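K.L.:
These are the residues of each chain, in order.
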Amino acid sequence: MHMDDGAMNDPIISVRGLTCGYGRRTVLKDVSFDVGRGEVFVVIGGSGCGKSTLLKHMIGLYPPMAGSVRLSGADIVAAEGEARLEILKGIGVMYQMGALFGSMTVLQNVGLPLEEYTDLPAEAIEVVSRVKLSLVGLEKFGQVMPSELSGGMVKRAAIARAMALDPAILFLDEPSAGLDPVTSAELDRVVRSLAENLGITFVIVSHELPSILSVADRVILLDAQAKGIVAQGDPRQLNETSKDPRVRRFFDREARLPEPLSPAHQAEAFQPAASTAAEAHT
Amino acid sequence: MLVVRLSGDLRAAAVARLWRPAMERVRAGDLKSLRLELDEARYIDGAGLALLVQLHAEAHAGGFSVELQGLPPRYRHLLDLALRAEAADAEAATAGGNANPLRERLELLTHDLRELVCFVGESAQVVYRSLRHPKGVRWPDVVTQACAVGVQSLPILLLIGFLMGLIMSFQSVITLQRFGGEIYVPNMLGLVMFREMGPLVTAILLAARSGSAFAAEIGTMRVNEELDALTTMGISPVRFLVGPRILSSLAVVPVMTLFFNFASLVGGALVMLSIGFPLVTFTSRVFANVTAPDLIGSFIKIIVFSLLVAGVSCLKGLRTGGGASAVGRSTTGAVVSGLVLITVADGLFAVLFYYFDF
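Quick mapping for you: the protein sequence lines, in order, are chains A and B.
This note's numbering puts the first residue of the first sequence at 15, with every later residue one more than the last.
This note's numbering puts the first residue of the second sequence at 278, with every later residue one more than the last.
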């Protein structure tokens, strides 16, 4: 396995032999990888290759068919009760659509984990929440309901909530999905600044090429056919040097579908000539 | 060898006319080979392509050969794509074909049962724990839910109660008048409302009004991944969402039953007043006949009913699948299961009360 730096001697996440799927269908088979402390680690791949499935298994939402996921040294698959709670407190998750609680204000959303797990007085919780919101540039929107925020703001608020308990690892599911390029770039900047200033480890699921190139330290490329990792490393390096057709297909944005028609043929095929009914002769 | 020449435009309109005779001909079973001459076909649309694809499939099944002559290259490409898609489809069908439907149903059933048992256990634990450690309960949520369940449903509850009392007394008065027995209407009304109708109608209203809301709220949260978010925060959705709903139902529904009973008595009193009985006659006859065990029995009933309704509605919400239609399904399911459970439990109570002479 390719190791980038010394950080990998002490990985914060290590996944070993993870096999997972739904019902009888296996989506990923025997996947193993490590994530170094403070790394921005991006899981990439075309749609349907199991990126989100991998993420949901890494945060313990679904039990895998086989394998282990160690987060900061503790196996989330095997952990139960209090031990599991301790692991969960050490991670934060931003879901694809934000998953903010619609019945609470943004500030209350961010404060919820603090309310649940700390004995801080309400006043202190409010201050902490406001600080977290300011980290993602939403300090003015604390009293707003989630339904009044734009898509990008919802995701930023969700990151603030995920950071409420100062977790060591943040998981982001498709942060740029459904965002315009400018908003997406802002979100990338938030991620980079949090990683660099606070040393948070990020695990991001994404398929947005520009975002991946600007934000990732290291990527793994999943493939639906291989049911696992087909390439890993620095995305810029992969982009420039890799000759693997599967990697090329992703970075060159090549269509997986059969050759499209040439434009000339296309124009012909879909432009009807003057009509006469078909005749059949035997 | 059958030779068919198709000329002009092969579009949906023409294909619709051609399809049946063409299929009848190739399915007759006496074909060795088929040649389609398409040199003069100028335009082929999706339906035309489907005809060619189907002819290929028939040839494969019937063991004859198909030759396409003069198919313009631009359509050759589309046809290849379509044939490849068909082949992939057939492959997928055979790959999934060895699943045993009976076994799958059974697995689903055991899964559902296990979930139900887990849910009942977890809810009971939540209620027990919140009674023992009231500090851990999210009381603001309980109050919000209590308002939604109780206070906001008061107008409709009072209206139904009043009308039911009025109608029931009115109908009984008409019948009993023939025997000069109108004076017994208050006795009947008090007994029926306190023992039977009060708990039953309140529970039905709870299922229809609040149970559906529970299922829809929690179901939408499931669809929006909010439940997943709770789980990864280490917060149990049962404790966080189901707990306050069950607690608030338990707290307000008995009070709602009392309101209902009161409204029905008002309705009954109106009828009795209108046929010339003084109010004091009505009230004294009602309260002389309704005893403490009647009231206690009605409280036991309504507490069980509200547990069942709130519990099953929340469970349906938690088990919502993906998409908007799933939320609709679980909402319907919550009301239907609630009503069924209420009726079954009411029947059991009738038997039990009779048996224990309560």
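Do not rely on the hints blindly, as some may be mistaken.
No more than 35 Å apart at the CA atoms, straight line, and that leaves these computed lysine-lysine pairs for DSBU-like [stated by the list, open to error]:
(1) A/257 - A/241
(2) A/241 - A/103
(3) A/154 - B/412
(4) A/257 - A/43
(5) B/412 - A/103
(6) A/257 - A/103
Label pairs and their computed distance ranges (CB to CB) [claimed, not checked]:
(7) A/117 - B/289: 49 to 55 Å
(8) A/30 - B/424: 47 to 53 Å
(9) B/598 - A/162: 25 to 31 Å
(10) B/617 - A/117: 54 to 60 Å
(11) A/228 - B/363: 39 to 45 Å
(12) B/360 - A/60: 21 to 27 Å
(13) B/601 - A/240: 32 to 38 Å
(14) A/76 - B/412: 52 to 58 Å
(15) B/617 - A/162: 55 to 61 Å
(16) A/135 - B/627: 38 to 44 Å
(17) A/161 - B/432: 44 to 50 Å
(18) A/131 - B/401: 47 to 53 Å
(19) B/397 - A/262: 51 to 57 Å
(20) B/304 - A/60: 36 to 42 Å
What the hints contain is simulated information worked out from the structure, not anything from laboratory work.
Predicted model only: the values in this text are computed from it and were never measured.
For glycine and all other residues, C-beta sits at the position ideal for the given N, C-alpha and C.
K.L.:
Determine for every hint whether it applies to the structure shown.
P.N.:
We went through each hint and held it up to the structure:
no. : hint                      : verdict
1   : A/257 - A/241             : holds (20 Å)
2   : A/241 - A/103             : holds (30 Å)
3   : A/154 - B/412             : holds (32 Å)
4   : A/257 - A/43              : holds (24 Å)
5   : B/412 - A/103             : holds (21 Å)
6   : A/257 - A/103             : violated (41 Å)
7   : A/117 - B/289: 49 to 55 Å : holds (51 Å)
8   : A/30 - B/424: 47 to 53 Å  : holds (51 Å)
9   : B/598 - A/162: 25 to 31 Å : holds (28 Å)
10  : B/617 - A/117: 54 to 60 Å : violated (30 Å)
11  : A/228 - B/363: 39 to 45 Å : holds (42 Å)
12  : B/360 - A/60: 21 to 27 Å  : holds (24 Å)
13  : B/601 - A/240: 32 to 38 Å : holds (35 Å)
14  : A/76 - B/412: 52 to 58 Å  : violated (33 Å)
15  : B/617 - A/162: 55 to 61 Å : violated (40 Å)
16  : A/135 - B/627: 38 to 44 Å : violated (52 Å)
17  : A/161 - B/432: 44 to 50 Å : violated (28 Å)
18  : A/131 - B/401: 47 to 53 Å : violated (24 Å)
19  : B/397 - A/262: 51 to 57 Å : holds (54 Å)
20  : B/304 - A/60: 36 to 42 Å  : holds (41 Å)
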